[in-house]
Amino acid sequence: MAVTTSTPPDTQEPAAPPEPRRQKRSAANVWLGVVAWIVGIAFFFPVFWMVLTSFKQETDAYTTTPKIIFEPTLEQYEGVFSAGVGPYLVNSVIATVFSTLLVLLLGIPAAFAVSLRPVKKTQDVLFFFISTKMLPVVAVIVPIYVVVNQIGMLDNIWTLVVLYTGMNLPIAVWMMRSFFLEVPGELLEQASIDGAPLWRTLREIVLPIISPGIFATALICVIFAWNEFFFAVNLTAANAGTVPVFLVGFITSEGLYWAQLSAAATMAALPVVIAGWVAQNKLVQGLSFGAVK
Amino acid sequence: MAEVVFDQASRIYTPGAKPAVDRLDLTVADGDLVVLVGPSGSGKSTALRMLAGLEPIDAGSVRIDGRDVVDVPSKDRDIAMVFQNYALYPSKTVAENMAFPLKMRGMDKDERAQRVRQAAEMLGLTEYLDRKPKALSGGQRQRVAMGRAIVREPQVFLMDEPLSNLDAKMRVQTRAQIAEMQNRLEVSTVYVTHDQVEAMTMGDKVAVLANGQLQQYATPPELYDRPKNAFVAGFIGSPAMNLLDLPRSSSGVTLGGVEIPLPRDVSDAAGSRDKLTIGIRPEDWVLESTDADSSTVVKAVVDVVEELGSESYLYAHLADDTSTSVVVRGPGRVKVRFGDPIAVRPNPDALHVFDAETGERLP
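Line order of the protein sequences matches chains A and B.
Using this note's numbering, the final residue of the first sequence is 293, and nothing's skipped along the way.
Using this note's numbering, the final residue of the second sequence is 1363, and nothing's skipped along the way.
These aren't lab readings, by the way, just hints derived from the structure by calculation.
Keep in mind it's a predicted model, so treat the numbers as computed, not measured.
Accuracy of the hints is not assured; some may be wrong.
Stated by the list, open to error - Okay, derived cross-link-like pairs now, SDA-like style, lysine to any residue, Cα gap no bigger than 20 Å in a straight line: (1) B:Lys1132 <-> A:Pro208; (2) B:Lys1092 <-> B:Arg1105; (3) B:Lys1092 <-> A:Phe55.
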């Protein structure tokens, strides 16, 4: 008897609680959603406003009551091109592409080496890498300027390529090392039993696994190099200036024209946005280690 | 095909500390499947990795087909290994995975393809040759790893717990497949497992390791019937052998007030020891009527009954010594339940006797 009376409440009880819990969870979800939207809009709004302004006439751009409805125009973009953004864009592309390629070329073997068989000294090496990032760039700009000047490389885009490579290499090695560490050790051991030389192991087995990580690293390098301003403004002039330098020159030579500046800034941001968009697919793929586990 | 010899082979991770593998002496006869078995930390995987060239040999030597391989890199040892997680190259297809070791050895494309095809047929992988490992089930991945080892036609197969990642049914099936294939190919094989059932069913010979030291190296029946020490006795067999520390009596030992006589040679070997470790396998108890005279049978109380259908295992504690537990095999559909009293008597001809201090078998 005791058994039969105790069963009904047992079966009812588990059925009852989930409903309020689900409600509570969905209420929390709504709140989190609202917060996410607020944060997202706060981040996106300045960018949105910049793009919007770039399509305005100067008179519309500088009103005390901000205008949302106006007649869009491409005039500002034409203005930017006629101001000569072309060579600056080319310089930025050269500095970004070549420095990123160099970083990958040097960084991949370095990261492989420090992750393959870590010993005590590896930690020191890694710290040495990252320690170069601890010194503010301002502190080294004078000696760099003197050196670059003496070897006659001022206002030369390849100077920036070298500097950007050095600037991004430590971060890239650190990032890629963490991806290399994710590769199961058995794969490397299997490859060595199979008789694959190290470079083949790296190229045929390891790199395909961590290619999303390499992409992410490359994207970071591209963004940093594209947006770098301090070296560029100090070491270049008319010949080797990059887009950020152009933007600044824009302000001083033309006065404060909001619409045109917005158009220039939008154009400067566009390549990075496109690079991010292209890499996105590769990044979202994630690291697919499922196959070996 | 080759004989594999471990000759006093040692692996010492940190100088001064206990070696991971301590002066291992082991000979794998040509074409044999030898299983290294032991609990985790016993050094079985380390021993295998020493043979594979993935761990250095710090002392002693390892010989494959008479050749000392201490300074020979893995790829030149003519071995093939199957890892626990299969270590398939995720970016390569099944066919590419299997062909990779051949490609690295400079074999031409046609022969590669032919060997891969043969191995794939043998393992039932033909229709999966173009798939990536990601698109395979666990059992299929395991077979690809086997295939990659087979195509090499190496002198020795090394297998490091190749079945551990499979589900129970798949494991039993693959176990038989591996044993059958190894018999057919007659390639010397060293197989590492922590599962004593795998060891007993697959090995021509089994090496039991513990704490980096070889405990016993023998055929499965020999391990079961004459374990060399208490560790092997307790490790081989499921459920494990009952190992009881019992005081000596005039003609043998006493268990729960019952005199258990020991054979003449055993009691001679036991000498003046006042305590002995007695090993009794679950099937070596005889269930008696509970009315029997308590000077001839051991009384116990049942804690758990494991009913397996064809047989059952009774986990019980002694009636007059609750700290001593025993496992007794009974018939299937046994009528005993939790808390019931039982009476048991050990089969005197099937006793295993060990030194209570060292665990060594007597005599």
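Hint check results:
no.	hint	in the structure
1	B:Lys1132 <-> A:Pro208	13 Å, holds
2	B:Lys1092 <-> B:Arg1105	18 Å, holds
3	B:Lys1092 <-> A:Phe55	50 Å, violated
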